[in-house]
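If you're matching them up, the sequences are chains A and B in order. Residues in the first sequence are numbered from 1 upward in steps of one, following the numbering used here. Residues in the second sequence are numbered from 1 upward in steps of one, following the numbering used here.
Accuracy of the hints is not assured; some may be wrong.
As the list claims (entries may be wrong) - Partial pick of chain A residues on the chain B-facing surface, computed with a CB cut under 8 Å:
hint, residue
1, GLN7
2, GLN10
3, LEU15
4, ARG28
5, ALA45
6, ASN48
7, GLN76
8, GLY79
9, ASP279
Calculated from the structure, these hints are not laboratory results. Even for Gly, the Cβ is constructed at its ideal location relative to N, Cα and C.
Protein chains: 2
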Amino acid sequence: MTRTIAQQAQLALLLEVATTPKPGNVDRRHDHEDLRFEHFLAGAAGANDGLRALADPDGPPIGVAFERAVEGMSDQSGGNTQFGGLLLLAPLVRAGALGEVTSERARRIAEGTGVEDAVGFYRAFEHVDVAVADPPEDMDALDVRHGSDAVPAVRERGLSLYDVLERSTDHDEIAREWTGSFERTFDAAAAIEERDGPVTDRAGDVFLDMLAADPDTFVAINHGAEVAEDVRERAAAARDGHIDADDLADELVEEGINPGTTADLLAGGLFVALYRGVDV
Amino acid sequence: MTRTIAQQAQLALLLEVATTPKPGNVDRRHDHEDLRFEHFLAGAAGANDGLRALADPDGPPIGVAFERAVEGMSDQSGGNTQFGGLLLLAPLVRAGALGEVTSERARRIAEGTGVEDAVGFYRAFEHVDVAVADPPEDMDALDVRHGSDAVPAVRERGLSLYDVLERSTDHDEIAREWTGSFERTFDAAAAIEERDGPVTDRAGDVFLDMLAADPDTFVAINHGAEVAEDVRERAAAARDGHIDADDLADELVEEGINPGTTADLLAGGLFVALYRGVDV
Numbered sequence: 001m002t003r004t005i006a007q008q009a010q011l012a013l014l015l016e017v018a019t020t021p022k023p024g025n026v027d028r029r030h031d032h033e034d035l036r037f038e039h040f041l042a043g044a045a046g047a048n049d050g051l052r053a054l055a056d057p058d059g060p061p062i063g064v065a066f067e068r069a070v071e072g073m074s075d076q077s078g079g080n081t082q083f084g085g086l087l088l089l090a091p092l093v094r095a096g097a098l099g100e101v102t103s104e105r106a107r108r109i110a111e112g113t114g115v116e117d118a119v120g121f122y123r124a125f126e127h128v129d130v131a132v133a134d135p136p137e138d139m140d141a142l143d144v145r146h147g148s149d150a151v152p153a154v155r156e157r158g159l160s161l162y163d164v165l166e167r168s169t170d171h172d173e174i175a176r177e178w179t180g181s182f183e184r185t186f187d188a189a190a191a192i193e194e195r196d197g198p199v200t201d202r203a204g205d206v207f208l209d210m211l212a213a214d215p216d217t218f219v220a221i222n223h224g225a226e227v228a229e230d231v232r233e234r235a236a237a238a239r240d241g242h243i244d245a246d247d248l249a250d251e252l253v254e255e256g257i258n259p260g261t262t263a264d265l266l267a268g269g270l271f272v273a274l275y276r277g278v279d280v
Numbered sequence: 001m002t003r004t005i006a007q008q009a010q011l012a013l014l015l016e017v018a019t020t021p022k023p024g025n026v027d028r029r030h031d032h033e034d035l036r037f038e039h040f041l042a043g044a045a046g047a048n049d050g051l052r053a054l055a056d057p058d059g060p061p062i063g064v065a066f067e068r069a070v071e072g073m074s075d076q077s078g079g080n081t082q083f084g085g086l087l088l089l090a091p092l093v094r095a096g097a098l099g100e101v102t103s104e105r106a107r108r109i110a111e112g113t114g115v116e117d118a119v120g121f122y123r124a125f126e127h128v129d130v131a132v133a134d135p136p137e138d139m140d141a142l143d144v145r146h147g148s149d150a151v152p153a154v155r156e157r158g159l160s161l162y163d164v165l166e167r168s169t170d171h172d173e174i175a176r177e178w179t180g181s182f183e184r185t186f187d188a189a190a191a192i193e194e195r196d197g198p199v200t201d202r203a204g205d206v207f208l209d210m211l212a213a214d215p216d217t218f219v220a221i222n223h224g225a226e227v228a229e230d231v232r233e234r235a236a237a238a239r240d241g242h243i244d245a246d247d248l249a250d251e252l253v254e255e256g257i258n259p260g261t262t263a264d265l266l267a268g269g270l271f272v273a274l275y276r277g278v279d280v
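Based on the provided sequences and hints, a complete structural model is requested.
As structure tokens, then:
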């Protein structure tokens, strides 16, 4: 194994987008009209220096390295490609740099973030439009859509990135992973490890299982909870063989429904699986 | 534009393999049985540190950086994915690091290589099996298939990498580019720039034009000159609309014919086009 931690992380992003079918998402065989496969390739290539900063045990705070990764990712015309994936990877990659990729270590890194991490996170929103939920009314000053303009409020309140994400756990699965135990990420990794065959085939099965298990929070933010539950049910039907997964993929692309958070979780799972030695 | 030269080079490798149809090659919609799309993704991710060494104006000799890129590329189970592409990129990427990617500058870099570059080149063959032609009888000591064992002979004769490649120009198009003016590479870049639309669509058209114009030397090495000429004629028929390019792609994959050198030239052309500002 000669791949570095940063290379494993980048490869996880590439394998994620290559995995097909991944109903509703851009994959090897599916594009959305304005968000295409090549945008994800450019996003992964551009994220490289930020990933290397995350993989450096003496690197900057992970929120700062994350911002660097998002800045590089954004140098393409498709818009947001891997913001959520990079956010999920940040503590996992740093965990690998500091010793071992375990949920405990990633959790300690997440809990150990400070104000500068939160500042990097807010600044990352300057580089790309990310679909997010409205904040509670009393939280307007901390709306991520303010980007850098929210930094004074973040500093004044002394919020860490962990604190910020903790306020989004009701509607964002990546925030739940970060402030929980990265349970779904490590479950995805284990499921990839258990299977046989080409890694993107395994990842396709695991994606369908994940989408069938829980409503995608990115779909819920963009289309509402009912649509997210409907997508979950259709994914379960595909997983159980009642409908064809490839047909579902075509349908969801046509409907403009993009279960991006489940794809982000898959990228995290692929990174952990690669780190543990799954071959490509 | 925030992508670095190394990131542009890596993205060129990724866009090359994503480009479809690219008859006979692995692409977004085609795999060979033991050489699959994901192997190329892993190859590109693994090549990153070598590409960064190539993109460093104070970096090691390009042959040494090339070996590092090939070593990283080889950490996947598919075998040779981008050896030729990396060899072609080496002087182009260093040219970008030293000022500007022009054929003149790349040519000067190629001509300026020394014995250590040649040593790196031979050592690169230790990392991966590369299909090559038999050397002339009096050249057996310099057969690249000897890998590091040929290094004493290289040193004794004081051969540069340019010298070594000059001896392969009769049967290898990458050697011709290196010891010529990188003409087909820069022609490919210009053809990509002239077209409109998504960059991988443009690259697909350019690939077919290139395959229709000249017999692929990698096909000639593996299957003989007649087969290479037959592939050229079929590519011309596809370009001219007499047969379907997607059908040709399926046929060539089935026949186990892989016009890899034309794909390498496309990777070089994509790099130059990205460097000059073609958007993704």
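Right, here's what the structure says about each hint:
no. : hint   : in the structure
1   : GLN7   : holds, 5 Å
2   : GLN10  : holds, 5 Å
3   : LEU15  : holds, 6 Å
4   : ARG28  : holds, 6 Å
5   : ALA45  : holds, 4 Å
6   : ASN48  : holds, 6 Å
7   : GLN76  : holds, 5 Å
8   : GLY79  : violated, 12 Å
9   : ASP279 : holds, 6 Å
The structure is inconsistent with hint 8 alone, although it conforms to all the rest.
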